[in-house]
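In this text, residue positions in the sequence shown follow this note's numbering: the first is 605, and each later residue adds one.
No wet-lab data here; the hints were simulated from the structure. Beta carbons are placed, not taken as given, at the ideal position from N, Cα and C, and that holds for glycine. Honestly, I wouldn't trust all of these hints.
[To be verified] In silico BS3-like links for lysine-lysine, alpha-carbon gap of 30 Å or less:
id	residue 1	residue 2
1	LYS719	LYS666
2	LYS918	LYS709
3	LYS719	LYS752
4	LYS808	LYS752
[Said to hold, decoys possible] For each label pair, taking beta carbons as the anchor points, the in silico distance ranges come out as:
id	residue 1	residue 2	range
5	GLU701	CYS670	39 to 49 Å
6	THR661	GLY891	36 to 46 Å
7	LEU632	THR887	37 to 47 Å
8	GLY625	ASP900	44 to 54 Å
9	PRO864	LEU895	39 to 49 Å
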Amino acid sequence: MTKTGGDMGLLYEGVPCNLCGGTLYKVLYEGNIKDDPSMSLEALKKDYSASSNIILTDRIVKCDFCGLVFVNPRPKINNIIECYSQAVDELYVSQAEGRIKTFRKGISLVEKYSKQKGRVLDVGAAAGFFLKAAQENKWETYGVEPSKWMSEYGNRTLGVNIKQGTLEEAKFPDNYFDVVTMWDVLEHTGDPMATLREANRVLKKGGLLVVNFPNIGDPLARLFGRRWWFILAVHLYYFTPNTLSEMLKKSGFEVKAVRPHFQRLTFGYLVYRLKPYSKTLFTFLNGFTQLFKIGDFQVIYYASQTNIIAVKFKG
605 MTKTGGDMGL
615 LYEGVPCNLC
625 GGTLYKVLYE
635 GNIKDDPSMS
645 LEALKKDYSA
655 SSNIILTDRI
665 VKCDFCGLVF
675 VNPRPKINNI
685 IECYSQAVDE
695 LYVSQAEGRI
705 KTFRKGISLV
715 EKYSKQKGRV
725 LDVGAAAGFF
735 LKAAQENKWE
745 TYGVEPSKWM
755 SEYGNRTLGV
765 NIKQGTLEEA
775 KFPDNYFDVV
785 TMWDVLEHTG
795 DPMATLREAN
805 RVLKKGGLLV
815 VNFPNIGDPL
825 ARLFGRRWWF
835 ILAVHLYYFT
845 PNTLSEMLKK
855 SGFEVKAVRP
865 HFQRLTFGYL
875 VYRLKPYSKT
885 LFTFLNGFTQ
895 LFKIGDFQVI
905 YYASQTNIIA
915 VKFKG
């Protein structure tokens, strides 16, 4: 049993549990980050992009009271937001075709549970690929994205409507949206509870919230442990369906469904993501990919990601 500390230095801070406020936790995976005056913000910036595959070296803990898993201590949130705002990620947009096809399935999921088509807000919209899929289906699209480069790319290339910044900074009207989506976003935020409550505020009563996240309770996550591919420097929280459902309940939502999430990306991109985990296997598969020219072959796969569909019932 360990207790959460406070300020940890120039770049790092200790935080309480975001779900229950608890300050006692057990260490799941020890880290090796040391905050000292020689460290710079520039050293963090390489980690914070949508396609970052840098393995997390910070400490991961589990709350003794509610079981929420999170990074503690962690980089200070103002530094993280600054890093995201300056991120350029050409590798992410290189997967446009596969991502848009994935999100066409995503908008079908939304339409299965939504009462009607109307205004949809995508939080952490990246380059706007989900918004493009929604636009094709006659939704009125809005997005928020911290990265200046990403938001400009989406607006310029896809003709979608993305504001640069965070959800809280956007200051949308109360009860404005029919649907809010968060695709692989909530685990990146400094205060997920506050983000969910802001989503509740901008949603209409009975409006739909769809959250996609890497599920640390999945059998694959338990099997691979510290080597699980979603333990990344960009992730601050690691949810299970139970911990996220409890957070949604406290934020004014009722969970309607929990479903596995399948994604479509190129084989070459998936091989690239493997590199930090096994250089030997990466070298072999990369050579195989180039020899048979299959880098652009699109693969549909499941890798522990989960969708939670919820509706606003109060707020």
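Discussion item. Please verify whether LYS719 and LYS666 have alpha carbons no more than 30 Å apart.
Written reply: The hint is violated at about 37 Å.
Discussion item. Quick check on a hinted range of 39 to 49 Å for GLU701 and CYS670, using CB atoms only.
Written reply: At roughly 40 Å between Cβ atoms, CYS670 and GLU701 fall inside 39 to 49 Å, so the hint holds.
Item to complete: Mind checking the hinted window 44 to 54 Å against the Cβ distance between GLY625 and ASP900?
Response: For GLY625 and ASP900 the Cβ distance comes to about 48 Å; the hint holds.
Worksheet item: At the C-beta level, are LEU632 and THR887 separated by a distance inside 37 to 47 Å?
Response: violated, 30 Å
Worksheet item: Measuring from beta carbon to beta carbon, are THR661 and GLY891 in 36 to 46 Å?
Response: violated, 28 Å
Worksheet item: Does 39 to 49 Å hold as the CB distance between PRO864 and LEU895, or does it fail?
Response: Roughly 33 Å apart at Cβ, these two residues miss the hinted range, so it is violated.
Worksheet item: Within a Cα-Cα threshold of 30 Å, do LYS918 and LYS709 meet the stated pairing?
Response: holds, 28 Å
Discussion item. Between the alpha carbons of LYS808 and LYS752, is the straight-line distance 30 Å or under?
Written reply: This hinted pair holds, its Cα atoms lying about 28 Å apart.
Worksheet entry | Straight-line alpha-carbon gap LYS719 to LYS752, limit 30 Å | Roughly 33 Å separates the two Cα atoms, so the pair is violated.
Of the hints listed earlier, those the structure fails to meet are numbers 1, 3, 6, 7, 9, in rising order.
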